[in-house]
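Trainee: Here are the chains, one letter per residue:
2 protein chains.
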Amino acid sequence: MIDLDKDFEMKMGHLSRRTHELEIPVMIIIEGALASGKSRLANALYMTLDAKYTDFFATHPPMEVDKRYPFLYPFWKALPKNGDINIHFRSWYAHLIDYEAQGIKDNIRVDYKYIRDDIYNFEKTLIDRGYEIIKFYVHADDDVKKEHLKALEENPASQWKAEEFQERMDNVNYEKEMEIFLENPTPSPWTILDFKDEQSSVESLFETIFDRLERCIEHREKKKKPNVDGEFIENYKPTLFNFDFDKESLDKDDYKDKLEPLQMRMREIQFKLYEKKMPLLLVYEGMDAAGKGGNIKRTRMFLDPTGYTINAVSAPTEIELAHHYLWRFYIDVPRSGHISFFDRSWYGRVLVERIEGFATNKEWKEAYQEINNFEKSLVHSGAIIVKIFLSLDKDEQLERFKDREKDPDKEWKLTDEDWRNRDKWDQYIQASEEMIFNTNTSEAPWYVIPGNNKRYARVEALKRIVEFCERRLEE
Amino acid sequence: MIDLDKDFEMKMGHLSRRTHELEIPVMIIIEGALASGKSRLANALYMTLDAKYTDFFATHPPMEVDKRYPFLYPFWKALPKNGDINIHFRSWYAHLIDYEAQGIKDNIRVDYKYIRDDIYNFEKTLIDRGYEIIKFYVHADDDVKKEHLKALEENPASQWKAEEFQERMDNVNYEKEMEIFLENPTPSPWTILDFKDEQSSVESLFETIFDRLERCIEHREKKKKPNVDGEFIENYKPTLFNFDFDKESLDKDDYKDKLEPLQMRMREIQFKLYEKKMPLLLVYEGMDAAGKGGNIKRTRMFLDPTGYTINAVSAPTEIELAHHYLWRFYIDVPRSGHISFFDRSWYGRVLVERIEGFATNKEWKEAYQEINNFEKSLVHSGAIIVKIFLSLDKDEQLERFKDREKDPDKEWKLTDEDWRNRDKWDQYIQASEEMIFNTNTSEAPWYVIPGNNKRYARVEALKRIVEFCERRLEE
Numbered sequence: 001m002i003d004l005d006k007d008f009e010m011k012m013g014h015l016s017r018r019t020h021e022l023e024i025p026v027m028i029i030i031e032g033a034l035a036s037g038k039s040r041l042a043n044a045l046y047m048t049l050d051a052k053y054t055d056f057f058a059t060h061p062p063m064e065v066d067k068r069y070p071f072l073y074p075f076w077k078a079l080p081k082n083g084d085i086n087i088h089f090r091s092w093y094a095h096l097i098d099y100e101a102q103g104i105k106d107n108i109r110v111d112y113k114y115i116r117d118d119i120y121n122f123e124k125t126l127i128d129r130g131y132e133i134i135k136f137y138v139h140a141d142d143d144v145k146k147e148h149l150k151a152l153e154e155n156p157a158s159q160w161k162a163e164e165f166q167e168r169m170d171n172v173n174y175e176k177e178m179e180i181f182l183e184n185p186t187p188s189p190w191t192i193l194d195f196k197d198e199q200s201s202v203e204s205l206f207e208t209i210f211d212r213l214e215r216c217i218e219h220r221e222k223k224k225k226p227n228v229d230g231e232f233i234e235n236y237k238p239t240l241f242n243f244d245f246d247k248e249s250l251d252k253d254d255y256k257d258k259l260e261p262l263q264m265r266m267r268e269i270q271f272k273l274y275e276k277k278m279p280l281l282l283v284y285e286g287m288d289a290a291g292k293g294g295n296i297k298r299t300r301m302f303l304d305p306t307g308y309t310i311n312a313v314s315a316p317t318e319i320e321l322a323h324h325y326l327w328r329f330y331i332d333v334p335r336s337g338h339i340s341f342f343d344r345s346w347y348g349r350v351l352v353e354r355i356e357g358f359a360t361n362k363e364w365k366e367a368y369q370e371i372n373n374f375e376k377s378l379v380h381s382g383a384i385i386v387k388i389f390l391s392l393d394k395d396e397q398l399e400r401f402k403d404r405e406k407d408p409d410k411e412w413k414l415t416d417e418d419w420r421n422r423d424k425w426d427q428y429i430q431a432s433e434e435m436i437f438n439t440n441t442s443e444a445p446w447y448v449i450p451g452n453n454k455r456y457a458r459v460e461a462l463k464r465i466v467e468f469c470e471r472r473l474e475e
Numbered sequence: 001m002i003d004l005d006k007d008f009e010m011k012m013g014h015l016s017r018r019t020h021e022l023e024i025p026v027m028i029i030i031e032g033a034l035a036s037g038k039s040r041l042a043n044a045l046y047m048t049l050d051a052k053y054t055d056f057f058a059t060h061p062p063m064e065v066d067k068r069y070p071f072l073y074p075f076w077k078a079l080p081k082n083g084d085i086n087i088h089f090r091s092w093y094a095h096l097i098d099y100e101a102q103g104i105k106d107n108i109r110v111d112y113k114y115i116r117d118d119i120y121n122f123e124k125t126l127i128d129r130g131y132e133i134i135k136f137y138v139h140a141d142d143d144v145k146k147e148h149l150k151a152l153e154e155n156p157a158s159q160w161k162a163e164e165f166q167e168r169m170d171n172v173n174y175e176k177e178m179e180i181f182l183e184n185p186t187p188s189p190w191t192i193l194d195f196k197d198e199q200s201s202v203e204s205l206f207e208t209i210f211d212r213l214e215r216c217i218e219h220r221e222k223k224k225k226p227n228v229d230g231e232f233i234e235n236y237k238p239t240l241f242n243f244d245f246d247k248e249s250l251d252k253d254d255y256k257d258k259l260e261p262l263q264m265r266m267r268e269i270q271f272k273l274y275e276k277k278m279p280l281l282l283v284y285e286g287m288d289a290a291g292k293g294g295n296i297k298r299t300r301m302f303l304d305p306t307g308y309t310i311n312a313v314s315a316p317t318e319i320e321l322a323h324h325y326l327w328r329f330y331i332d333v334p335r336s337g338h339i340s341f342f343d344r345s346w347y348g349r350v351l352v353e354r355i356e357g358f359a360t361n362k363e364w365k366e367a368y369q370e371i372n373n374f375e376k377s378l379v380h381s382g383a384i385i386v387k388i389f390l391s392l393d394k395d396e397q398l399e400r401f402k403d404r405e406k407d408p409d410k411e412w413k414l415t416d417e418d419w420r421n422r423d424k425w426d427q428y429i430q431a432s433e434e435m436i437f438n439t440n441t442s443e444a445p446w447y448v449i450p451g452n453n454k455r456y457a458r459v460e461a462l463k464r465i466v467e468f469c470e471r472r473l474e475e
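Protein sequences appear in the order of chains A and B.
Residues 1 to 475 (full-length UniProt numbering) make up the first sequence, in order.
Residues 1 to 475 (full-length UniProt numbering) make up the second sequence, in order.
A few of these clues could be false.
Which copy? The list can't say, so a pair holds if one copy fits it or any two copies do.
To be verified - Heads up, simulated DSS-like pairs for lysine-lysine below, C-alpha to C-alpha not over 27 Å straight-line:
hint, residue 1, residue 2
1, LYS297, LYS223
2, LYS272, LYS297
3, LYS11, LYS150
4, LYS394, LYS11
5, LYS376, LYS394
6, LYS6, LYS297
7, LYS67, LYS276
8, LYS406, LYS394
9, LYS276, LYS224
FYI, nobody ran anything at the bench for these hints, they're computed from the structure.
These numbers come from a predicted model, not from an experiment.
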């Protein structure tokens, strides 16, 4: 036990209550070799924090379940909500070192160096969205570590732990790998604590945290009101959605003949995904009444329901709003071999949030890169991503709205919000086109499909999905 | 693919929108042997439901992570929220059969027959709290199953699945075990679907669901306003909290001498829990300002922070309110070898919810048994549960409130709610005593500790915890 100055506790109480009031999410990362003393430091810190707003998150060696999700999944999932504090005892750094040491490739389908980029981008987007990340590396000389190990060994109750430590110390060259991380550029700086002098390492831990919290509190208090106007151009002329909508049609017989073979291929794709343990994300965006639901229904019709989930995305809940906007999507990503349909998606950030002013200009502009990085990190895990945009013309939407109004079996589908969205048609077109220009990548392409003819749109969307997946599965 | 009558889809749409409006949670369980055709039935059903309110939950053979939590944990976790529908494709029944076949004992420390009781109690408490559970067992003759298997084998993409099926069919005598379940009493009846006649099994599936949904909708619409008055006696005389509060005290030196050895023993307990892979739940209840937080702090002071979590329980969130009241606690139970502290707990049901009228009389009265069953099911998984009640006298509480008011470092701890709670002191005493009488079990005992002297209370609580845990660990 570290004997803690009462003043540290008081000051930490003050500062953490203030970050809580200001709704600043804080992540304190404690890395360090086994038996370096980091556990004692972490505990000293943990004891000063209000349990109501604090989570202690220990990263363990990779388990079976970890390997079924993207590398960063457990850390996204554990993200503190606004005003909360997470202590990460070992973090994505130790996790990646464990992966490399064990040569785990289940959920890393690229060179490990790309995961280092993902980690960089992960920290960057958190910081850009107001998270405070404070990172420590606890260093201890070999004799200090030996002393700690000896203490563990001498207690019969903790002997097994000493053995476990010994085994893991032999296996992983944690310190050498960490050195590379410490030297590389990072969005949030490291503080190195030398455990040789126990007292001064405790002091340094607390002083660093106090300093960082004070600065982020001051920064938040001074923050100016941001611009929130969506930056829309009047009389925007679409360049991408200039279809001859009447051209694309498909009669009933033709539709059946074309649809069923594609549905069968989709089913085979599901089997292959499962076999190769690759996850698939199918993202659908488009105007209200564009036919996203019906489209998804045809795509999944022949699939094994144990292998897919459908995420119908609507307004975020209170808890979702209190997290990074990608959090609620990250926790819904499919596990290996499975398919997730997204009926609307993270692209809401640059569509509805931009249009309705829920995201500031800075936020939606930075979202393009954030989303590209997010999708890239999923692709690194082996994921296939296909994005379908169903485009309707304005007259056809009106027809469909009127249809819904008249039909008692469909009227529940039409809400006041649909009419309000329709009033912002031009803004929606502009936001959608800019979205596609900025996020159409070779790993996760957009397919824009004219949606006036439902049959045509279903066959066309499914065809794009099937062809892209087959290509990726053959690679 | 089953060719589905359009009328089924329409009717299902109507009924499920109505259960959604009425906020009735629905669980549809589909059990059946491998290759029985249940997948096709499940898919036909899934396709008729609105993805927004439906989750398809497939139960897989037990994984490493399952074995680290109580048996029912994945099903509690997956509970639909009010107004949602879950399709459980294989359920707790198939799961238990898998456990028995593989002889898994990691998280089942009792004879499997006790888990059957837990399953009964699980369904019962869900039904009692307004869940609609509709259970199907799909039967198919051997020749029908062979046909299904052949179809899988003939397709090169699904050949591996046929092999997997074959292997699992050989290993587990699923059908024989299910027969016992089908014969035994259950809170929600089974409907058996014979897949010999495919069309009629589909019809029977939908008609059963329609019938059940219509009945529960009607029942909900007719529901009378329940009694919500807490049933408190005027001038209630405590029988349990009649301490001589001044008697129990402890001076500073004595305190230190007694506390530290107990903290060391607590640390050893943590090691042993980890070694034996047993979870520990420490529950703290008591009046406002009784010292629960300070008490917990002393108990955890020497513990390895990677092995415990603290759940500070406050008012439920929107999502928590939309679930069975035990849901938010079940998802926070510790995994094997870990400790969870609960600073307030599920006992809120029979305390604050009773007192404030958030629970009806029927609800809080039934909660005693529900809670006993809940704790019993955790004990079956190997858990140790200790419950501490810190009792304060009314004058001492006033002193502490005033102290907090005066001290700028403590005033944040005192809220208007604390004063409002104080006005209901007598009701709180009555509810607490009745709670203890009704839920003090040998597996999960209550220790009532006079809390006027903080030092005495800390040592005493820790002593009770340590002694109980040591006893359980030696068994």
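Trainee: Please flag the earlier hints that this structure goes against, numbers listed from lowest up.
Mentor: 1, 3, 4, 5 and 9
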